[in-house]
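J.: Dock the two chains into a complex; use the hints.
Chains A and B, in that order, give the protein sequences. Mapping the first sequence onto this note's numbering, position 6 (from 1) lands on 35, and the numbers just tick up by one. Mapping the second sequence onto this note's numbering, position 223 (from 1) lands on 1088, and the numbers just tick up by one.
Since the hints were derived computationally from the structure, they do not count as laboratory data. Note that the structure is a prediction, hence the values are computed from the model and not measured. Yeah, the Cβ is synthetic: ideal placement off N, Cα and C, and Gly gets one too. Hints are not guaranteed to be accurate.
Unchecked claim - Only pairs whose alpha carbons sit at most 25 angstroms apart, straight line, appear in this in silico BS3-like list of lysine-lysine: (1) K34(A) - K1075(B); (2) K1075(B) - K1090(B); (3) K162(A) - K128(A); (4) K1086(B) - K162(A); (5) K1090(B) - K141(A); (6) K141(A) - K128(A); (7) K42(A) - K56(A); (8) K1090(B) - K168(A); (9) K1075(B) - K211(A); (10) K151(A) - K1090(B); (11) K127(A) - K168(A); (12) K211(A) - K56(A); (13) K127(A) - K162(A); (14) K94(A) - K168(A); (15) K34(A) - K68(A); (16) K91(A) - K127(A); (17) K68(A) - K168(A); (18) K168(A) - K1075(B); (19) K68(A) - K56(A); (20) K141(A) - K168(A); (21) K42(A) - K68(A); (22) K211(A) - K68(A); (23) K1090(B) - K162(A); (24) K1086(B) - K1075(B).
Said to hold, decoys possible - Footprint (simulated), chain A over chain B, 3 or more residues, beta carbon under 8 angstroms: (25) 1070-1078; (26) 1094-1102.
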Amino acid sequence: MQATKSFERAFLKHLLRGFRLSAVSYKSMSLQERKSAIKLSADVAMASARGSRKWTRGLITKLSKEDDHRSFLRLILGTEYERLTKPCHGSWKIPRSKKIVRRSLRVCSRRKNNLRAPHGVKSSVLARTLVEKRTHALKRLVPGGESLDGYSLLDEALDYVISLRAQVDLMQKLLTTFEASKLSALSKCTLPERKASFVGEAGIHQQKLTEKAQLRPKLTL
Amino acid sequence: MQCLRAPLSDLSVLERQRTRAEWQQQGQEQSDYHPYDADYCMQSLLPVEASFRALHSCSGGGANENHGNVHGSNDCFSNAWPDIVSSMHCPVVGAAASVEETSVNASSSSSSRKRKSENTRRSKENSGGSDGKDDSNCKRIKEETGGGGGAPPEAKRPNKRKEESADASKENDKAPKSDYIHVRARRGQATDSHSLAERVRRERISQRMKYLQDLVPGCSKITGKAGMLDEIINYVQSLQRQVEFLSMKLAAVNPMMDINIDSFFGGREINPTCKSGSIPMIGMSSELLDQSSYLQFGSLQHDMFMDSSDLLLRPNVNPPAAVSDTSLGSCLNVNGSSVWNTNLQNVYGVEFQLGRGTALPFQSLQGNLLPNNLKMEM
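Just chain B, same shape as in the assembly (with noise of 0.2 angstroms):
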């Protein structure tokens, strides 16, 4: 199986219950069993979709020759026949595979939310190849391929094993492949399905809860669900309305804004070789900015916008001390090779107050300049 990479998305419900009965008639014919190891049952889930899905979309005319991901299901297990989860694979590579892989099995099983399954996250797909190398303790793989794609790598599958048996609780998704979350059922804990699918879906939102409380600010005293989700109710509502605050102040401050974006934008035009980039220039430390190429342009407004914006855009990296001695009378100096230190000190002379103003503990730039002459006059 090259592919279990088309989305789910348009698959119906008869489709899915089609599939299911052509999967039940094949899991019948299955003729070897593995038995599996007395100490862990594993639950399985075949991507039943995710197999038809790809049927149609990556091997063109066999349609029924490619099936990968079949699992017969195991004796020790109540209902045999698991529900089917949709489980599709994500094509996600790199360092944001995990966050998205479960982002995408979140989604793909709220399709399926009625039936409450599981996933299980396989070690390896199955990409074609034969049934020869199972092991004692591997599920069975059934292919039917006609050509088939490169092996399954059906050796690594026992390692994976092991190391799943090793840690009791749900492995995390490796980036290339795996549909399925292999969950072992913990000593003294039911182990039919549904019980399992509950734990693997609770272990996720308290996952996600997790993540959201290191961003809301102040959750950490909060451990009930409902409290948390009252903290980040109000977090959204704040964020909402400072947006338009903030959308209201741009207006407010809009008359000059006409003159403000076209020299934003002639800026940009005029340098467009400027060694920071376009705007904005984000994330690039001060030694980037060089000096000399603000003075490359034309009119004083444009020099004193540019430099003011990218100043601003940048993190912080600005030094206290320029700003100590701040009074608003230097900022008269535009000219020439003062336009730096004279931009810095007016653009944190103005910014500060906002940063104090607005008064939330995520403040990232502002928050920390108050040179002493400006807070007296506040």
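Here chain A stands alone, though its shape is the one from the complex (with noise of 0.2 angstroms):
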């Protein structure tokens, strides 16, 4: 599954208005100041070129609780920002006592195993609790996804993944094309210098790549 290209175009539009807007204040930050900008550029794109999902409510809701972002998104979205924020039916969060919930998520599943498995077996309930607990972790990952089922929740986060991945494309070829500039730029200098240069920036490159390949662990529960 591919995202679509007015997608793309849309996405790098927001992209490139956020990076302009933000840019003003560029001189004045630090790295981790610019990344999160940047970063926060990134994700309204992806929310604002999908459109109208659960999962992108989510995510500008989350995005737009602190203020000084929220006069970011409104300027990026325009009309949007508002239509975007506001709680569609699906996520209004019922308000539900902890309490009450687990005391009938006991009775319930105690119901459920004396119906379906009255001889005791436990690989059935270990399953399930397995399934749960992924389905937690997915909930806590895809944004937004906290009050959808099970369904929607993979509905959602297959849509989630289709934007993340085409949001990785996008920014990595753009990555590349502010290097080539970069490297342009610098095509006053001579050959073996700029190869030098070059050979420098790949090694550098490819130890970062390495070392947030090491970082990547494995779920555990």
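T.: This is the structure:
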């Protein structure tokens, strides 16, 4: 499954607009601040390019929790901002008391176990709890996923994965574009110097990427 | 019933209960049932919310006249009054219809997740019309419309029914209408609404899992739900980490960024009539990228920048031959007609290492370019 071309175009447009908007204070920011500004632009661009889905709404509400992001969001999204942050019926969190929920879950699970596995099959219970644990983890990952049930959670996760992939792709391409133009700016220097700098960059780059690969731990629950 | 398009968004529980009570009353009044075929039992549910919503939004004044999609429940079911499901008609047209339809159904069913219910989609929506066209196979449709819209395409329903009876599984939605999923109970399986509903739910979930299996790389061997979820979680986490990493890299490149951004936008403004269109020209084949259009740009940097971005953003049509004799020295020549070739070489020279480095199986554009001399340098 691929993200559509219009999505890619809208994403890049919003991304660059976001860069431009936040570029005003680039000189004074540290690396971390720049990085978070870029990430913010990228997330907003992805959400606005996708349109109105549960996860986009969740993402934008999450981002707009901080006040300084809100003005930024408003600038980027314009009229869509209000529409996107309006809670849709699916994402209304019904206020639930934890104790009552826990009690009812216990009763329900007991009832289920009595009905389905009267001879005490433990594996099904184990399987179910594993799935539940992972479902909770996925709910935490997908923005706005807390209030979704199994099917819509998978649906939103599917959509989110496609958009994330497109985002990563496009950011990579943008990065290489920037680096290419940076290289061209260095075209004044002579060939061996440039080759050396290129190799140096490549080495650092490779090192960083292997570090990143090593830092990817397997999910532990 | 003209439109069942109103979203379910603001319907409260109270309203739903009220409509259910209303409907129940009407259900009692129904006089003629048509007995179902003994062969199959169909669950049918009525989009009461749909009709209620439509009442409010569409029909204006006579709110209680229009009741669409009222079905009589059948004797062959143990629970004659199935739970109401909030199956909304989704106003989607076109290819995206089926996907969106299922997602809308999913979202609407999630709102009533406490009640185990089943969606049955009817083949055609009932928009106004009379009852006269029922056959023995058809569900009873009750219309109380004053004026009514077009006559319901009842004639089509028996055909539809026969098609459905031909296949033993859930029918997929047809684009324009249908709120219901027709489910046929398989031989030897329980036919009560709960298990049917569960079966439908399970089938949808497994369908989604299949999609996700295609998306997430390396999941073809994993069959269990827990394992699949595990992989999905890992994948999402890795993608999110990649975004962070890339934004860090972009921030590192950043001191150049102001100039670059300006030239990006400057390039675009300079040549708005460029055949390649606005930035980014994704998806354009190389023939469309007119070399001459780039020569219109003022500065050297604009040239380089626009070219490299456009080349990057179009799909992978690069001939490896062009890259094979890349040497970094050749990117010195950036004036005039050599812009095209040198940009290509320069860009792919830089590009390939990112592609190789990230080492992800789904790399689209960059992964395959490994010119020999650059490889040696790595």
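J.: What hints, given by number in increasing order, does this structure fail?
T.: 9
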